[in-house]
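Engineer: Sequence:
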Amino acid sequence: MTLQIGFLLFPQVQQLDLTGPYDVLASLPNVQVHLIWKDLVPITASTGLLLKPTTTFDDCPDLDVICIPGGAGVGPLMEDEQTLGFIKRQAAQARYVTSVCTGSLVLGAAGLLKGKRATTHWAYHELLPKLGAIAVQDRVVRDGNLFTGGGITAGIDFALVLAAELVGAEAAQLIQLQLEYAPAPPFESGSPQTAPSAVVDEARHRAALSLKLRTEITERAAAKLDLR
Numbered sequence: 001m002t003l004q005i006g007f008l009l010f011p012q013v014q015q016l017d018l019t020g021p022y023d024v025l026a027s028l029p030n031v032q033v034h035l036i037w038k039d040l041v042p043i044t045a046s047t048g049l050l051l052k053p054t055t056t057f058d059d060c061p062d063l064d065v066i067c068i069p070g071g072a073g074v075g076p077l078m079e080d081e082q083t084l085g086f087i088k089r090q091a092a093q094a095r096y097v098t099s100v101c102t103g104s105l106v107l108g109a110a111g112l113l114k115g116k117r118a119t120t121h122w123a124y125h126e127l128l129p130k131l132g133a134i135a136v137q138d139r140v141v142r143d144g145n146l147f148t149g150g151g152i153t154a155g156i157d158f159a160l161v162l163a164a165e166l167v168g169a170e171a172a173q174l175i176q177l178q179l180e181y182a183p184a185p186p187f188e189s190g191s192p193q194t195a196p197s198a199v200v201d202e203a204r205h206r207a208a209l210s211l212k213l214r215t216e217i218t219e220r221a222a223a224k225l226d227l228r
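For the sequence shown, full-length UniProt numbering gives the first residue as 1, with consecutive numbering after it.
Some hints could be false.
[As the list claims (entries may be wrong)] Only pairs whose alpha carbons sit at most 25 Å apart, straight line, appear in this in silico PhoX-like list of lysine-lysine: (1) K212 / K114; (2) K224 / K130; (3) K88 / K52; (4) K114 / K88; (5) K114 / K52; (6) K212 / K130; (7) K114 / K130; (8) K212 / K224; (9) K52 / K130; (10) K224 / K88; (11) K88 / K38; (12) K38 / K224; (13) K52 / K38.
No wet-lab data here; the hints were simulated from the structure.
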């Protein structure tokens with residue numbers, strides 16, 4: 001049976017949140033990968049790349065894996081009842097419910113993180129508990145059938161962990177080798193724990209307005225959930 005994997009595609013998605021894990025999971029044997037949105041009109045990612053949906057909410061088959069990437073456009077999604085309804089319907093029967101980066105906030109707005117361990121981009125970690133999640137600062141966090149990846153590049157790590165779950169560690173290692181995924185970044189600035197303090201301060205300054213707006217959206221979304 002063909003494995004059905006679906007990525008939510010939406011305006012202002014962070015393209016690497018999507019395309020990193022897409023490359024990994026599309027390399028699995030006997031798999032069909034869907035890019036899903038309300039219609040088939042091409043979507044502009046946050047950095048300007050055009051991405052084309054392959055199916056719609058109405059036509060999407062039942063998924064074995066649903067993945068919600070993050071990006072600048074997650075705020076509107078967290079209050080979009082059509083999108084949240086689609087995610088909840090698919091999550092109810094999917095084998096695995098997953099996200100990358102701030103996509104976990106959308107899962108939270110759909111009520112899917114209550115009491116669950118989860119992660120997100122470091123700049124928005126404080127929002128997870130507002131949605132009922134147990135925030136964990138790891139690149140990949142698993143809680144039952146819920147897999148969440150940290151910020152952006154962690155999506156590749158997440159996808160390899162999920163690939164090992166789906167087809168075994170040896171097959172996942174083969175995919176990793178074929179992609180030559182052996183990170184050796186030129187700077188030790190890939191996390192707040194290792195980056196110079198001045199760099200962290202500047203990154204927090206640049207994210208401040210987004211954090212403020214997302215905090216307001218998160219609080220409105222949380223008010224609609226039963227988090228008792």
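Engineer: All hints are to be evaluated individually against the structure, with a verdict given for each.
Structural biologist: Here's how the hints hold up against the structure:
no. : hint        : in the structure
1   : K212 / K114 : holds, 22 Å
2   : K224 / K130 : holds, 12 Å
3   : K88 / K52   : holds, 23 Å
4   : K114 / K88  : holds, 13 Å
5   : K114 / K52  : violated, 32 Å
6   : K212 / K130 : holds, 14 Å
7   : K114 / K130 : holds, 10 Å
8   : K212 / K224 : holds, 19 Å
9   : K52 / K130  : violated, 33 Å
10  : K224 / K88  : holds, 14 Å
11  : K88 / K38   : holds, 15 Å
12  : K38 / K224  : holds, 23 Å
13  : K52 / K38   : holds, 12 Å
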